[in-house]
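Heads up: the sequence lines are chains A and B, in that order.
To convert a position in the first sequence, counted from 1, into the working numbering, add 64.
To convert a position in the second sequence, counted from 1, into the working numbering, add 329.
Since the hints were made in silico from the structure, they are not lab data.
Keep in mind that the hints are not guaranteed to be accurate.
Ranges of calculated distance between the beta carbons of each label pair, as one might list FRET restraints [what the hints assert, rightly or not]:
(1) Thr114/A - Glu458/B: 46 to 56 Å
(2) Asn141/A - Asp424/B: 18 to 28 Å
(3) Ala364/B - Asn141/A: 24 to 34 Å
(4) Gly359/B - Glu84/A: 29 to 39 Å
(5) Thr74/A - Glu373/B: 48 to 58 Å
(6) Ser368/B - Gln85/A: 39 to 49 Å
(7) Thr100/A - Asp405/B: 19 to 29 Å
(8) Arg158/A - Ala364/B: 17 to 27 Å
(9) Thr74/A - Gly370/B: 39 to 49 Å
Each residue gets a CB set at the ideal place from its N, CA and C atoms; glycine is no exception.
Here is how the chains run, residue by residue.
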Amino acid sequence: MSVSMGKSQTETRSVELCLEQGLHLRVCSLLVSIVTPFDGSVKISHQDRTADATSMFELLQLVALKGAVLEIEANGNDPTSVIDQIEEVLSGKREY
Amino acid sequence: MRLTDIVVKEAILTELDASSKEEAIRQMVGGLKAAGKISAGDEEAILAAILKREELGSTGIGWGCAVPHTKHPSVDGILVNVALHPQGLDFQSLDGEDVFILFLVISPWDRPGDHLRGLETITRHLKSEDFRSFLRQSKTAADVWELLQEVDDRS
C-alpha cells in the first residue's frame, strides 16, 4: 500500500521471513546497510515490537524466526525501492 | 532470558590484554575452557568458527560493543563470556569506533530461536547507556556479575 504525502511517500508491506536462521545478526547488518542511505525512515515490526531499521540494536530485539511475518513501513523518497531490497533479503532471494 | 542464566561467571575477563580481534576472541574462548564449559578438544574448532564468522562481517555492532558468536554442536545451552578491553580494540565495527565491551556467544547448533533470544537479551541491555557505562567502570569479575544481577532483577 502506498500513500503520497507531498514529495514524501509512505509504503507498507508484509513479508514472510524465509531465512533458516531467522533474523540473525548478519541479516540485520545487511538491512542497516540498505536502509542507511535511504532518504527517509524505515520501520520493521514483528508482533508487538517495532525497530528503526537503521539500528542494529533495535533490529536484534525483533527475535523473528523463519516463517514470521514482518511488517515493513518506509516513509520518504521512493519507498518502493527500499522495501523491494528489504524483501529480497528477508525472502532469501539475495545472497549475503 | 536472564543475563545471569547465560553468562559464565567464572570466565568473565575485565582486563583483556589483546592487540587484535583474534587475540581477544582467543582469550575469551580460553576463559570458557578454563571455566570447564568447553573441552580442550573443541576449543580450536570453536575459535576457528567464530573467526570465520567475523570474516563474513564484523560483529562490532556499535557503541563500543561487539558480540562475536558461533553455533557449535558441543554445547547444550547458550554460553556467554563477557570481557572488557579498557583501552579499546579495533574490531572493524559498523560505526568505526573501538570496542570496549565484548559478549562472546556460543549457541547450540540446532536452536536458532535460543540464539536469537540470547542476542536479544544481550543487546536489550547494551542499548542502555547507563549499563554500558557501569560495565566499563567494572574492575573485577565480581563487579560485572553484580551489575548483571542488578539489571536482571530490574527486567
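Per the hint of 19 to 29 Å, is the separation of the Cβ atoms of Thr100/A and Asp405/B within bounds? violated (38 Å)
Do the beta carbons of Arg158/A and Ala364/B sit within 17 to 27 Å of each other? Violated, since Arg158/A and Ala364/B (Cβ atoms, about 40 Å apart) do not stay within the stated range.
Gly370/B and Thr74/A - C-beta distance against the hinted 39 to 49 Å: Given about 55 Å between the Cβ atoms, the range is violated.
Is the hinted range of 48 to 58 Å satisfied by the C-beta distance from Thr74/A to Glu373/B? holds (51 Å)
Falls inside 24 to 34 Å, the C-beta gap from Ala364/B to Asn141/A? The hint (24 to 34 Å, Cβ to Cβ) is violated, given that Ala364/B and Asn141/A are roughly 52 Å apart.
Does the Cβ pair Thr114/A, Glu458/B satisfy 46 to 56 Å? With Cβ atoms ~21 Å apart, the hint is violated.
Regarding Gly359/B and Glu84/A, is the given constraint of 29 to 39 Å on their beta-carbon distance met? The hinted range 29 to 39 Å holds for Gly359/B and Glu84/A, with Cβ atoms some 31 Å apart.
Between Ser368/B and Gln85/A, is the Cβ distance one that fits in 39 to 49 Å? violated (25 Å)
Using the beta carbons of Asn141/A and Asp424/B, state whether their distance is inside 18 to 28 Å or not. At roughly 25 Å between Cβ atoms, Asp424/B and Asn141/A fall inside 18 to 28 Å, so the hint holds.
Hint check: violations occur at hints 1, 3, 6, 7, 8 and 9; the rest are consistent with the structure.
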